[in-house]
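Colleague: What follows is the residue order along each chain.
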Amino acid sequence: MADTLKLEMVTPYKQVLSVEVDELTAPGFVGELGLLPGHTPLLTTLKVGQLTYKSGGTVTNIAVNWGYLEIEDDTVTVLVDTAEKADEIDLARAKAALGRAEDALNTLSLEDKKYKVMEAALQRALVRIQVAGGGH
Amino acid sequence: MPSLKDIKKRIGSVKNTQQITNAMKMVAAAKLRRAQEAAVSARPYAEKLQSVMSNLAQREEADGHPLLCQRGTGRALIVLMTADRGLCGGFNANVSKAAERFIRDNEKGFDDIDLVIVGRKGRDFLKNRVGENIVKVHEDITSDATYKTAQLIGQEIIAAYSEEKYDAVYVIYNAFQSAIVQIVTEEQVLPIQPQEAEEETVNSIDYIYEPDRTEVLEQLLPKMVEVQIFRALLESNASEQGSRMSSMDSASRNAAEMIDKLTLQYNRARQAAITKELMEIISGAESIN
Chain A
5 MADTLKLEMV
15 TPYKQVLSVE
25 VDELTAPGFV
35 GELGLLPGHT
45 PLLTTLKVGQ
55 LTYKSGGTVT
65 NIAVNWGYLE
75 IEDDTVTVLV
85 DTAEKADEID
95 LARAKAALGR
105 AEDALNTLSL
115 EDKKYKVMEA
125 ALQRALVRIQ
135 VAGGGH
Chain B
151 MPSLKDIKKR
161 IGSVKNTQQI
171 TNAMKMVAAA
181 KLRRAQEAAV
191 SARPYAEKLQ
201 SVMSNLAQRE
211 EADGHPLLCQ
221 RGTGRALIVL
231 MTADRGLCGG
241 FNANVSKAAE
251 RFIRDNEKGF
261 DDIDLVIVGR
271 KGRDFLKNRV
281 GENIVKVHED
291 ITSDATYKTA
301 QLIGQEIIAA
311 YSEEKYDAVY
321 VIYNAFQSAI
331 VQIVTEEQVL
341 PIQPQEAEEE
351 TVNSIDYIYE
361 PDRTEVLEQL
371 LPKMVEVQIF
381 RALLESNASE
391 QGSRMSSMDS
401 ASRNAAEMID
411 KLTLQYNRAR
421 QAAITKELME
431 IISGAESIN
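Residue numbers (this note's numbering), protein chains in the order written: chain A, 5 to 140; chain B, 151 to 439.
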């Protein structure tokens, strides 16, 4: 058994990552998911959230947005719509998006179709700000 | 015999045309590089999704999901990828003709075939041929195809398919081979046909699915459709630029040839005029002596 995990992260636009990592935390659909080498095969959907991996003592945070994670034979494949590292995030834009989403949520009714859209936007903005600020 | 001035004018106008075609060629070449990069970098995602998918399909008798089950030959939908602009050789005509053939020949024996067109040129071409089959035209999305646009088209298709408006969905597009070669490709989008994975990948250990298998499948399958549309969009875009580049290249070359020919004609006419003048002067001088 290898003592590292091979992490491959791809978005529709490009392959974001292909690195060896020691451990990995992902925002799984049913809750936060911690992965270590030797994990049993698993396929899960991901929510909007923060994905963290530790590689040789350094910790990297990535904001991800919907996707899937598969682990098999110590290879982790992550398919996500978007993936942004802390230094790729435009904090001002994320904050503006957060403000917009909050305003919209305050005025919209719960039944409104847009409510869910704005709620998702709020989530994304929150995660971005969190990641840009160095994670939790 | 056209006058000197006429020839000169024509040379000027051909030169202008050449400048334009040359500029278009340059622009297409730059765009091609970008489009090609986009198409290549989108590949890993599609491949990964495909392999996750076939892994899943092996463990699952994947027939329960509506997007997977074959419904026979009722109504079909074609998504046709063309360009918004012309001047790119046979690019638009080739795919459009393929779509027209698909509808006319109807080899698979569908009751009815509808057509969704991406790009203005495809609409212009098919409007008068199979106009009654066209249900929707998307314009101005090919030049910078984002995953969002593909998602929108994909979701439309899935919605229509789920309502059983259609029993099969195909996509017809120009697959990018190289700047000179584009291959008209026809792919089935729905129902989804999971590819068979290689034998070795079969794992006896049971997978854990979170939240559960049906839920995972539920979310994965629409992704497949979106990715397929996205890839077709990107490939089509790269093909368009490649096709435009090569056709503008040959147009520039033709213009150069034309200029050479006209210049020769111009010089001949000029020389003839000089000779004529000389003859006149000489004969005039002779008559005085």
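Just so you know, the hints here were simulated from the structure itself, not pulled from any lab data.
It is possible that part of the hints are untrue.
Below, simulated DSSO-like cross-link-like pairs (lysine-lysine); rule was C-alpha separation at most 27 Å, straight line [said to hold, decoys possible]:
no. : chain 1 : residue 1 : chain 2 : residue 2
1   : A       : Lys118    : A       : Lys58
2   : A       : Lys18     : B       : Lys181
3   : B       : Lys298    : A       : Lys51
4   : B       : Lys181    : A       : Lys118
5   : B       : Lys181    : A       : Lys117
6   : B       : Lys286    : A       : Lys89
Colleague: If a hint holds in the structure, say so; if it doesn't, say that too.
Modeller: Consistency of the hints with the structure:
1. Lys118(A) with Lys58(A): violated, 37 Å
2. Lys18(A) with Lys181(B): holds, 18 Å
3. Lys298(B) with Lys51(A): It holds: about 18 Å lies between the C-alpha atoms, which stays within 27 Å.
4. Lys181(B) with Lys118(A): Judged against 27 Å, a Cα distance of about 36 Å means the pair is violated.
5. Lys181(B) with Lys117(A): Measuring from Cα to Cα gives roughly 38 Å; hence the hint is violated.
6. Lys286(B) with Lys89(A): violated, 39 Å
Figure legend: structure checked against the earlier numbered hints; hints not met, in rising order: 1, 4, 5 and 6.
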